[in-house]
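Chains Z and C, in that order, give the protein sequences.
Its first residue numbered 1, the first sequence is counted upward by one per residue in our numbering.
Its first residue numbered 1, the second sequence is counted upward by one per residue in our numbering.
Keep in mind that the hints were calculated from the coordinates and are not lab data.
Wrong hints could be hidden among the right ones.
[Stated by the list, open to error] Under the rule of at most 25 Å between Cα atoms (straight-line distance), these lysine-lysine pairs were calculated in the PhoX-like manner:
| id | chain 1 | residue 1 | chain 2 | residue 2 |
| --- | --- | --- | --- | --- |
| 1 | C | K68 | C | K37 |
| 2 | C | K68 | C | K22 |
| 3 | C | K68 | Z | K11 |
| 4 | C | K104 | C | K71 |
| 5 | C | K22 | C | K104 |
| 6 | C | K104 | Z | K57 |
[Claimed, not checked] Partner residues aside, some chain C positions facing chain Z, computed with beta carbon under 7 Å:
| id | residue |
| --- | --- |
| 7 | A19 |
| 8 | K22 |
| 9 | A29 |
| 10 | L40 |
| 11 | R43 |
| 12 | S98 |
| 13 | T99 |
| 14 | F102 |
| 15 | G105 |
[As the list claims (entries may be wrong)] Reference listing, derived: stretches of chain Z covered by chain C, where coverage requires no fewer than 3 residues with Cβ under 8 Å from a Cβ of chain C:
| id | region |
| --- | --- |
| 16 | 15-21 |
| 17 | 41-51 |
| 18 | 82-96 |
The beta carbon of each residue, even a glycine, is placed where N, CA and C say it ideally should be.
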Amino acid sequence: DAGITQSPRYKITETGRQVTLMCHQTWSHSYMFWYRQDLGHGLRLIYYSAAADITDKGEVPDGYVVSRSKTENFPLTLESATRSQTSVYFCASSASSKNTEAFFGQGTRLTVV
Amino acid sequence: GENVEQHPSTLSVQEGDSAVIKCTYSDSASNYFPWYKQELGKRPQLIIDIRSNVGEKKDQRIAVTLNKTAKHFSLHITETQPEDSAVYFCAASIKRYSTLTFGKGTMLLVSP
C-alpha cells in the first residue's frame, strides 16, 4: 500500500537555490494539494490541482511553482529559496471535489540556510 | 476566503477525563468539517468528519457537533487515554473547491 509518498524526507539548501519537492500518489486521486506547516500557523495551502494540467493558488503561493503533467505526480518547486520557506511541507490527495477525505504524505522537512 | 479559528491552543487533561476542542468558521458556504490528529513527527490523519446536513456524529470515544447557525463545530473526546496525546486540527471546506482551510491546532496532553 504505497499510497502517497514524498521525497526527500529531509532537505537542507542554501538561500537562492532552486529546490524541488516530489509527491507521488498511487490511488489515481484527482485532487492534490501542497501545504506548509509552521508553528503557530497550522497548515496553510500553497497550491492545489484538480486534475492533470489544472493548478491553482492557495493561501501562500508566493515563491513556489507547481506542475501536474501526470495525475500521480505533483512536484513543488521553490525557485529561489529563502529562509522564510524553512518549514515542513505536506502533500495530500483526495478522490474528488465531493468533500472526501484528504490523505497526507509523510512530509518533507526543508531547512534553508 | 474562509477563516477557521481553533481554541484552545493547548489542553491538558488527566487520563479518563473528557476533552473538548472548539472551532469557528467564517464562510457560510462551507459544508464539510474534518478533524485531523497529528502525532509528533507524523502526518495528519483524519479521525472524524461531519457534513453540513448533520448536527452530530459519533465514533466510539470521539464525537463532533456542528452548529451551522453559529458557525461552530466541536470535537469531543471522552475517557481520554495517553495515546490521545497529539495535535488536533479542525478544518472547513467549500464543496466546489475541495480545499481545506485549517485551524492552527490544539496540542492535547493526557497525563496518566
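Verification of the hints:
Simply put, K68(C) and K37(C) have alpha-carbon atoms about 23 Å apart, close enough for the 25 Å limit, and the pair holds. Taking the CA atoms of K68(C) and K22(C), the gap is about 14 Å. The hint holds against a cut of 25 Å. Among the hinted pairs, K68(C) with K11(Z) is inconsistent with the structure: their alpha-carbon atoms are about 42 Å apart, more than 25 Å. Only pairs whose Cα atoms come within 25 Å are accepted, and K104(C) paired with K71(C) is accepted, the gap being roughly 17 Å.
The straight-line distance between the Cα atoms of K22(C) and K104(C) is roughly 12 Å, inside the 25 Å bound, and the hint therefore holds. About 20 Å separates the Cα atoms of K104(C) and K57(Z), which keeps this hinted pair within 25 Å; it holds. For A19(C), the interface hint is violated, since its Cβ never comes within 7 Å of a Cβ in chain Z; the closest pair sits about 18 Å apart. The beta carbon of K22(C) comes no nearer than 15 Å to any beta carbon in chain Z, farther than 7 Å, and the hint placing it at the interface is violated.
Because the closest C-beta pair between A29(C) and chain Z is about 12 Å apart, greater than 7 Å, the hint is violated. At a threshold of 7 Å, the smallest CB-CB gap from L40(C) to chain Z is about 12 Å, leaving the interface hint violated. With a least beta-carbon distance of about 4 Å to chain Z, the hint placing R43(C) at the interface is held under the 7 Å criterion. This hint holds: S98(C) has a C-beta 4 Å from the nearest C-beta of chain Z, less than the 7 Å allowed.
Here the hint on T99(C) is kept, as its CB sits about 5 Å from the closest CB of chain Z, short of 7 Å. About 4 Å separates the beta-carbon of F102(C) from the nearest beta-carbon of chain Z, less than 7 Å, and the hint is met. The interface hint given for G105(C) is met, as the beta carbon of that residue sits about 5 Å from the closest beta carbon of chain Z, less than 7 Å. Here the region 15-21 of chain Z counts 0 residues with a CB under 8 Å from a CB of chain C, which misses the bar of 3, and the coverage is violated.
Coverage of the region 41-51 of chain Z by chain C holds. Counting CB-CB distances below 8 Å, 7 residues qualify, and the rule asks for three or more. Residues of the region 82-96 of chain Z with a Cβ under 8 Å from some Cβ of chain C number 3, which satisfies the need for three, so the listed coverage holds.
Checked against the numbered hints given earlier, the structure breaks hints 3, 7, 8, 9, 10, 16 and satisfies all the rest.
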